[in-house]
Every structure is written in C-alpha cells, then in structure tokens.
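Visitor: Residues per chain, in single letters:
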Amino acid sequence: MEENTILEKVALNSAVVKFVIYKPLIARAARAGQFVILRGREGGERVPVTLVDWDAQKGTITVIIQAIGKSTAMFNSLQQGEKFLNVAGPLGTPVEIKQYGTVAVVGGGVGIAEVYPIARALKEAGNKVIAVLGARTKELLILEREMTALCDQTVCATDDGSHGMKGMVTDAIQQLHDGGEKINAGFIIGPIPMMKFTSRLMDKLGMEPFSSLNPIMLDGTGMCGCCRVTVEGKVRFACVEGPMFPSKTIDFDELIRRTSEYKPQERQSLENYQKDHVCKCGLH
Amino acid sequence: MPNPSAPRQNGKQLDPVVRKHNFEEVAQIFTKEEALAEANRCLHCKNARCQANCPVGVQIPEFIALLKDDKVGEAASKIMETSLLPAICGRVCPQEKHCEGNCILKEKFGSVNIGMLERYTADTARKEGLLKTPVCAKPTGKKVACIGSGPSSLAAAAELARAGHQVTVFEALHAFGGVLRYGIPSFRLPREVIDHEIETVKSMGVTFRTDVLIGATEKIADLLKEFDAVYVGSGAGLPTLTGIPGENAVGVYSANEFLTRVNLMQAYKFPETDTPIHIGKRVAVLGGGNSAMDAARCAMRLGPDSVTVAYRRSAAEMPARAAEVLHAQEEGVQFEYLVTPKEVLADETGHVCGLKCTRNELGAPDEKGRRRPVEIPGSEFVLPVDTIIVAIGQKPNPIIAKTTPELKTTERGVLALDEEGKTSMPGVYAGGDIIRGGATVLLAMKDGIEAAKRINQYLQGK
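If you're matching them up, the sequences are chains L and E in order. First residue of the first sequence? That's -11 in our numbering, and the numbers climb one at a time after it. First residue of the second sequence? That's 6 in our numbering, and the numbers climb one at a time after it.
None of these hints come from the bench; they were simulated from the model. Just to be clear, a hint being listed does not mean it is correct.
Said to hold, decoys possible - Subject to a maximum C-alpha distance of 16 angstroms in a straight line, what follows is the list of computed EDC-like cross-link-like pairs (lysine to aspartate or glutamate): (1) L:Lys263 <-> E:Glu277; (2) E:Lys407 <-> L:Glu229; (3) E:Lys274 <-> L:Glu30; (4) E:Lys147 <-> E:Glu231; (5) E:Lys137 <-> E:Glu79; (6) E:Lys17 <-> E:Glu39; (7) L:Lys222 <-> E:Glu252; (8) E:Lys274 <-> L:Glu229.
Just chain E, with the same shape it has in the complex (with noise of 0.2 angstroms):
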C-alpha cells in the first residue's frame, strides 16, 4: 500500500563548509532504501496532475510503479520513451514549477520528490548496466541537421533518430552540451552526466561535429542543400549587460563569460588547463536568476572574501529556484535586496574597485505582475567590489539572423514562428531560447521534442 503520509524523503547533501571547495555535486543521489520509501509515497492517480504538467510528457506514475518492484532498467525505459535526457531533466528541471508543483500530496503532506526519483532512475540504470538504447524506426532515408548541440538540440535530435532519420548535430565550439556544459556548473551537473547522455544519442545513430559556426562556417541555405530539414536550436548566447558607467573596467564578467570560463574552460583548474580566471576578494554579482546563482556558487568555490548578490528586487521575487538559492546562502553567499548599480567605480589601474548603487523600494506591479523596484532619493552608496559579474539575462545569438535573411525575427531578436511552429523558411524550425529569449532546460527540450514531430510530418509529405 502507498504510504503518503511517511517524510517526504529530501535525499543527502555536501557538508556546505567542504563543498564551497569544490566541485562537486552537491545533491547525492538517493540509496536504495530512500528511493524505495520515497517511490512507496506515490499515489499513482489516474489522470495525474504530474504528468500533465511535465513539458516533456514524462509518464511519471508508472516509472515510480516500476521502481516500487525494483524494475530500474525498466523504469528508465518508461521514462525514455517520452524524455531521452533523464539524467539531466532529473538535476536541472525545476520540478516545483512543474510536476511536483501540481502533486496531490503538495499541500496535506508534501509532494513526491519526482526529480530525485527520477535521477535516482536514470543514474542507477546507467551504472548497473539496465540502460537499453533507445529503439529507432526502420531508416527514412531523411537527413535532418540540428544547429547547436545544447537540451533543444539534443532533444530534436534524439527524437529524429527514434523516427528513423539521419541526424546530424553541429556545435560552435569544441564541446558539445550548450549551455549544460558552458553554463550549467558540474556541481549542479557533473560533466560525466552530460557525457552519458550525448552518448546515449550517439548511439542511436546520431552525427556530432564541433567547430561549426552556422552562419559562419556554413549558411543555413547551405545546410538545405544536403538535408532534407533543419533544425535551430542555437541558444541564447549573447549576454545582457547593464549599461551603467564604467561596466569595461578589469574585473567585470559577464555571466556568460565567467560562467564558460569556469565550466567550459575549467578554468578553475589553471594552471593545470590552459585558460585562466581571475577572482578577487570581494565579488558582487548583479540579478537574481539562476544564472545568478550559479555564477555566485561558482565564485564563492574560487575562494574570495566574499560573494554577495545585488538583486534589484525583494526575496520574494527573484526568480531563481529557491533551492538554489539555499544551496548559495548556505555556500556563504550573501544578499543585498532591493539594490540597483548605477556605475563602476575603477581605480588608477582600470580595475574595479567599487560598485555604487542606490536603494530601492517596491512600488506597483509591473506587466509580469512583480512588483517594480522604486529608487529611493538620496540612498546612494558604494559596494566595495573587486570583481562584478553581470547575470541579467541573455537574449539570442544574432549570427544565424544575422546571416540568414530568409528568416524572419520579431522585435526582441528571437526567430519568429508561425502558428504550426514553423520558421518563415521552409523546411527550418526552431526552438528554445533562439525563440524564447532566454528561458529553462525544460522548455528548450519540450521545443525540440514538439518540433521533432512537425519535422516528421513534413518529412513525411515530402
């Protein structure tokens, strides 16, 4: 019988004071016993709110039913025949919003912890040898190539080949993941996880290949001339700054920068790699995402004075995932609300040396429903920083637009869709953040899932 009312199990964690040394993941994965308990408190509704809300359609009652019996390989099929990528939609979905957010059991005795369970899953199948490749259709003869090799990507990627195309992946730089490699940080996603799961897409059948930038490399028209359909999913890589006085100085990072410094390059293991970080003893970081926090955990492990978040708005608004930013305070980082930068102070050497900054408070809501911060007059003062990263949000990589004037963009810069999904060129889709701007893991995969399914329409008919 289910027991929803036993603890809602939260699995172990990194002794903060040891892994604010390193790199480590943090969240450990569940035992035997805790994922056993854990997957016993699952009610197995029917119509169940979980998977309705799950972007990717992750059949979440029956996985739990199958680890329940100890059928690990199995539940990891179940899960696969929906998401390819459950090591890494198990670590980095923010489960709160969606299937754990909507689990019967939230209110009376806490939601099933559905993102640990499946991890648990995913990891266990993996190291016991249960993991079975995912089953291909019989060949289409269709080739397919997908532009950047980050959750989108990957997603479409992996989809087209379980339909029985052949799919080809092309990455700009020299590691493929996108953003889970560049800015996600190991102790959120260990390398090894992103590893795994690119070789689970290789493996059925999938081409990768670095160094190619399209647009510059290769035009998408050239792509169009040896594959039958394209898919773009390049990201949002191109950083947002503040604008604010004195935002060149030495010592400023973007996120962006700072995060595929460290991630990327592993730059924090220099001069052992080959690309160097430089961290001082007092680090700002401005915003209050993910980014943000990621950026501040990532800092805090390179062993400054201290890392203090600056975030414009209250706790109560900033759109990190609480969890993270948990995991951050209790990293020793510290955060100043309610605070906007307005200018860089640098010293005789062009490096910072100050951020100053007024106080704000809440005034009315803004188009988004949070509350718009209000500077306060005369509340001017000066953080003393010497290193600033900028984690403000991102927006599109213009290189494809830029370079493909076939495809038609809306006035944020991202590639505009029609109602069926499709491009303004024909035989090319898009999804995740080159048409959201910048939004999660999850969304990027749900979009490279959906648009996998048009390509296979329109391949059909073709």
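With the rest of the complex left out, here is chain L (with noise of 0.2 angstroms):
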C-alpha cells in the first residue's frame, strides 16, 4: 500500500466529503487536536486540515474537508484509490486532556467533525461530556449519531430550526446553563464569529472556553508566522502553540482581518477552478 492512498471517500453532505488516508507514521504519532497539511498537485496549496480520527493498526488518518475554495474543491473531487500528493502531521500541539469535570464540546458545521477526536480524548480522560451541535440547516449538521453514541448528551441547534433547536450553539448553551447544567469548561471549533460569541458567552457564565484557531498557515512548523494571533495580550503561533489556546482573551477581530487577506484571489482561483471544471468533465 502507498502512503497517502485514499481508502475510503464518503460524502456526508453536498460539500463536505470524509478521506480515510493511508498514512502510518501519522497514524502512530497522532492526538487529539492536531492538523495535518494537505497538498493535492504539483503548485498546489498547502492546506491544513484537523485530523478527525486516526487508526495506528490500520495506519490510517480520517479527515473531513468542506469544500470552500479551489484547494478544498480539487481534494473533494479525487477518488477512492487516488493519492493525496502530500500529508503532512501531526501537526500542533494536542489539546490537554485532563478531568475538567463537566465539559461542552461545541461544533459549529464542519467543525463537528473537528471537535469530534476531542470530545472522545476528554470522555475517556473521565470527564462527563456535553456536545453542542450547530449548522445553519439540518442538511448540513454531520456526525449527529457518532457523537450521541460518544457523549453524555448531545444537544442540536439549527439556524432554520430544521433539527433540534431553533437558534445558535449559544442559545443552546444559554439553555443547559438555565436548566442548572455547571459546565466547567468549553471546547469550541466552528466558524470564527461562533468561536467569538461562545467564547464570550462561556466567560460571562463562568465556563473555561478553549477555541480551535484556523489563521493562514504556510509550512504549518513555526517557520513562517503568517498564522500569528493575538491572545492574552501576546503574538502566538497558532501552527506550533495552537492550534487551541484558551478564548476567554483571544483577540477575534483581529482573526477575521487576517484570514480575509487573500479572499479575492480565493474567489478569482475557485471561479477559474469552476471554469476549467465544467469543460474538463463534459457534464455540463
């Protein structure tokens, strides 16, 4: 078998697709809250991508990408069989596992399926765990069943209402916090305003929140800084000190400035993706 080999390619919904990876040394070494970087041709991006499970008998890692921009898209579209040209990881350093006592562990779409490694790490470490679900619409909410079956208890929040509540993952915990739930700390990955909103909400109920950051990264070692955040007041690496940092000060705004820098080539690399796509494969 070569490493980087796709085993296994499941949609688990029109944009986003879960790759089982050929990849042994990573398999082996990997922990709860680390990354790997992802390239899929020769030019291509370096993307990094939160290890969602990882097998080291199999030698396999489990990731799960959302197609967003032209990167994300091509790797969507390789097959079962096909190779990844580079996987790199584990990246970052783990989330500490420890007994917290009660903890949320809060996914916002695809940051589900990233929340996911540690909700099991903190079940097995002891904790009781509460995982908080949001996605806009019931479509687009993943892994619902793993994490009923993994966790304590599972609460839904869908923007549409279409499944579960009707609201944000902070209604949602605003909702267990009224119901006398002491959660004593919070594990957040989603989009950055929910990370932003959680976070702050958590804080002002008295839960510790953690956030999972996603900056710009380049090589993803330290050597770069183009993923430099600000939290507490001090410049850290998210690739090397992160990816997750407490979230109570973590300067958010500033997060949303920086990961905004290239978004008009993003849209100029995806339209001329798109473009190339339709003519390639004839479909359309």
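Could you use the hints to bring the two separately framed chains together as a complex?
Guide: Spelled out as structure tokens, the structure:
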C-alpha cells in the first residue's frame, strides 16, 4: 500500500467529504487537536486540515473536508484509490486532556468533525461530555449519530430550526446553563464569529472556553509566522503553539481580518477552477 | 604564464530594467573565454590563502589549474573531493569573506573571481555530461538519518554516503533544499541548480523523504531505533519579529513568510499556482541582511511602485553582501538608513497604511564592534507604505528541542554541543543554523562536512 492513498471516500453532504487516508507514521503519532497539511497537486497550496480520527494499527488517518475554495474543491474531487500529493503531520500542540469535570464540546458545521476527537479523548479521561452541535440547516449537521453514541448528552441547534432547537449554539449553551447544568469548560470549533460569541458567553457564565483557531498557514511548522494570533495580549503561532488556545482573550476580530487577506484571490482561483472543471468533465 | 595583472573578469549580468520584472538568474555564467582569462590570472600559490580560508577546504589552485587546460570535468571532480555541492557554493558563498577576501592579488590587481570559476566549472561539467558520480566507499552496513534537507544536512548526507553509510534525509516540507528552496530566490539560485545538486546526492544512494517533521511525525528517539546515528540540520526556521505595536496588521509579512510564498510556493505565478501573495504599492523591508535584500528584490519583481529597505544603522554597518546591495540598488530598491520602526499604522480594515519611525545617529560600538544606533529625540516620521516585510533575523526552530528533552540547548535556543561537536544525546550530532542561530549556507555546509567526519569516527567505534 502506498502512503497518501485514499482508502475510503464518503460524501457527508453536498460540500463535505470524509477521507480515510493511508499514512502509518501520522496514524501512530496523532493526538486530539492536531492537524495535517495536505497538498493535492504540483503547484498546489499547503492546506491545514484537522485530524478527525486515526488508527495506528491499520495505519490510517481520517479527515473531513468542506469544499470552500479551489484547493478544497479539488481535494473533494479525488476518488478512492487516488492519492494526495503530500500529507504532513501531525502538526500543532495536542489539546490538554485532563479531568475538567463537565465539559461542553461545541461544533459548528464542519467544526463538529474537528471537535469529535477531542470529545472522545475527554470522555476517555473521565469527563462528563455534552455535545452542542450547530449548523445552518439539518443537511449540514454532520456526525450527530457518532456524537450521540459518544457523549453523555447531545444538543443540536439549527439556524432555521430544521433540526433540534431553532437558534445558535450560544442559545443551546444558555439553555443548558439555565437548566442547571454546571459546565466547567468548553472546547469550541467552528466559524470565527461562532467561536467568538460562544467564548464570550461561556466566560460570562463562568465556564473556561477554549477555541481552535484557523488562521492562514503556509508551512505549518512555525517557520513563517503567517498564522500569528493574539492571545492574552501576546503574539502566538497557531501552527505550533495552538491551534487550541484559551479563548477568553483571543483577538477574534484580528483573526477575521487576517483570514480575509486573500479573499479576492481565493474567489478568482475558485472561479477559474470551476470554469475549467465544467469544460473537462463534459457534464455541464 | 599566469597573467595576474589582466583585468578581473566579472561576467555579465541581466539588464536591471529587464530583470526586475522576472525571476531569471541575474549573474550569467562565464563564457569559455572569460573563464580561461580569469583562470589564467591565478598564481597557484603554494600554501594558498584562498584554500586555507575556504570553509569547506576546496582545492582552489588545483581546480583552477585544471580549468586552464580546459579539463572542466576533472576540475569539477577536484572541487567535489571536498565539496559535493559546487553549483550552489559557486553562487551563494560570500567569497569576498573567504577565498577571494584572502587572494594574494586582492590589493594590487583584484582577487581572482573564484566564485564565478567554481560556478562555471560546476555548470559546464553538468551541461557537457562531464560530472562523475562521486565514488562511495564499500557499504559499512551502518545507517544514518539526516534531519532537514538544507545545505547542512545535504553536505552531511553526501559525505556520509561517500563514507559508505546508508543515509536517509528527512524533510518536513514537500520539497528538498531547505533555505536554498524557500529562502534564496531563483534569480540568485535557479531551482534546477538545487534539483541537480540533490540528484547528485541521490545518485550516491541517499534516500530522500518529504513530509516528515522530526519531533512531530517521529521523534529522534524513534530514529535511533532504526539508525546508528542522527545528524540534526534542521535550520533556523523561526522568524524574529520586531514586537512593535500593530505588527499583526494585514500586510505585514515576516521575511520567511514572504520568501516562502514567492520561492517555495511560487506565488508569483498565481493563479497558475494556488498560493497567493499580496503586494501593495509601497513596500518597506525592515533589516539590512541578505534576507532583507532577497525580500526587497523579490518584492520589486512583483511590481509595486516602490520598495524601500529601512535599516537602523548606516550603509557601512549593513551585514548584507555588497554585491546584493548593489544588485538591489540597480533594480530600483531604495534605502533609508538610520531608521528604527516604532509602530505599524493600520486603516479601518486592519490593513497597513504606514510605518511610524524615528531617525537615529550612530553611537558607541557594540560588543561586535558595530556602532550602535541612537534615537534622535523628536525625529518621528511616517513612511507611507502599505506592505511591510520584517527581515531582522531568525532563530532556531524549537520543535526538535521541545520534543527531545534529552537534547540540551543554550539560552539562545540553539542546540548545545560539547568540545567534540556532539550533542548531549549519544549518537546525535548537529550543525548549521540549529547550532548557530542564523549564519550562512557555507558555514552550514562546513558543519555538515565536519559532523560527517565525527559520525564516521563514532560509527567505526560502534
């Protein structure tokens, strides 16, 4: 078996794909909260993707990718049996897994997949784990079954009310709190505004929030400093010191600005790709 | 008869007006006539000072003598007896500090252009198929791992292979060469030259692996289960930032990020390649070393209105090679000397819109003998720039030290070596920027070659 081969590909919804990839060294070393860097082609970007699962015995790692730009769209067009060009990792500092008491794992959209290994590790460490899963609509709410099987309690919230409660994850957390649930800490992964407001609420309610940050990265090994974020007033490199940080004092607005730097180029790249793709596959 | 008083050949360079729009190599290879004329200036001194001052001990008078007889292949083999990466050395070595700086002709007629002759030899031998794969000793059955694929590790790997060991090079990124690939731009070191030199090392039986970050993918302790010795040449992959307010504004790059985008990821070809880069209209580069020159010259090639290097001392103290400064100036890079950055100013979208600075005068010399910059009170002014590249140095990447508690480090964060050049972990050797902090390609290679000798001794006793 060649390294980087895709052993399994499953579409979780119209934009989100799960890949099981053969990569024994990473499968052996991976810990919850770490990520890998993927490249799909010569000339391709280095794209950081959270490790969702790994199996040291089988030598496999699992990632779940949402197609949002050219590179991720291209990744998601890869088929079972094909290979990623590069898979490097595991990168980043693993999440500190210990006895926190009761913890909420809060996932938004594809962030649900990313918070899954953390939920599992926290559960194994003896915590009471409550999953709070949010998405715009029912179709985008992934891994509910797995989370329900794993966690002590699972609460879903959708913006349009098509599944679970109508509202945001913050509403769900407020409701848990109002219902008398004493939550000690929260691990939050999702869109930046969601992490910002969830952190703020948790802090207000006396819970210790942690968020996994997704700044732009290049090498992912601490070499370039592109991923710098401000935590507790200090500059930190998310790729090696994170990506998970205590999030009471993260400068989320700075993170939003810094992740928007290449929006026009990203749009142009995706448009070019979609145009080419239509021509090549002949289906449109 | 040698003719030392003949004019020094400097070779031709691409026209600055043309080259500032492309990434083609600036310095053109010697023609055969230029090479012969320059070789003929060499006096072939006994106890040659050039050779004595070469970090990797290239047999300079001998290789130049072979060139005179037009024996290019043999000249290349002569260089490769001590240095297996001549096409790289010929281009990026600061010869003015080493061989050429010590040439007996320097004062009277100008040094022999040894760098260009080395490059001519390497390139011509390659092009004409005269390069011989270096002969390796009988297999020793010993295995050595080299961490990183930059100049230090490459040099160590080649020498270890030559000694008959089975060598594997582990690279964290997707392409080999380390700083040669992500740091040094192609207009100074074409990508195919790096590829060729790596091919040479591969042809000696060395295995190369991408995507393995030692410390993360595997620990050094894991390697020692499979390998008899380990060489750590992981380099200085950690940027130094200024720490001034506003440095996280959009449009502030570390030199590492900027150069990696341009050189490793080839962002200047976007959207043909997928990694973007954003260059504004007015660029400031902070710093005065070779990375600052590389960043400024790369920035110029991306087509802004202006590129300004801001350095806190004066031209005389600038650590960059004089030739690089000259090339930058020819390409239109401007220089603001005696300037200290104080604050990055950002607009309402968080993007850089200026750099608040103060002016300096030179005070008393520091411990290195360079005069210290002293701020002139009330001299504050704003450089109107929209892109800033911070090129004020690098530190060793901490991943290996952090994940290998057995390895001792100094207070500067570099790996500590004993007087025999060993780390605190048995069987583990180190060299290049991981022990120096931030030095040159040539010193990194020298460390690699010397460590290879120590590793040989160590393995003989094992």
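Visitor: For every hint, state whether the structure bears it out.
Guide: Results for each hint:
Of the supplied pair hints, the one linking Lys263 of chain L and Glu277 of chain E holds, its CA atoms being roughly 14 angstroms apart against a limit of 16 angstroms. Only pairs whose Cα atoms come within 16 angstroms are accepted, and Lys407 of chain E paired with Glu229 of chain L is accepted, the gap being roughly 11 angstroms. For the given pair, Lys274 of chain E sits about 13 angstroms from Glu30 of chain L by alpha-carbon distance, which is consistent with the 16 angstroms threshold. Between the alpha carbons of Lys147 of chain E and Glu231 of chain E the distance comes to roughly 10 angstroms, so the proposed pair stays at or under 16 angstroms and holds.
This hinted pair checks out: Lys137 of chain E and Glu79 of chain E have alpha carbons roughly 9 angstroms apart, not beyond 16 angstroms. Proximity of Lys17 of chain E to Glu39 of chain E is assessed by CA-CA distance (about 10 angstroms); at most 16 angstroms being required, the pair is judged to hold. Taking the CA atoms of Lys222 of chain L and Glu252 of chain E, the gap is near 12 angstroms; set against the 16 angstroms cutoff, the hint holds. For the given pair, Lys274 of chain E sits about 31 angstroms from Glu229 of chain L by alpha-carbon distance, which is inconsistent with the 16 angstroms threshold.
The structure shown violates just one earlier hint, number 8.
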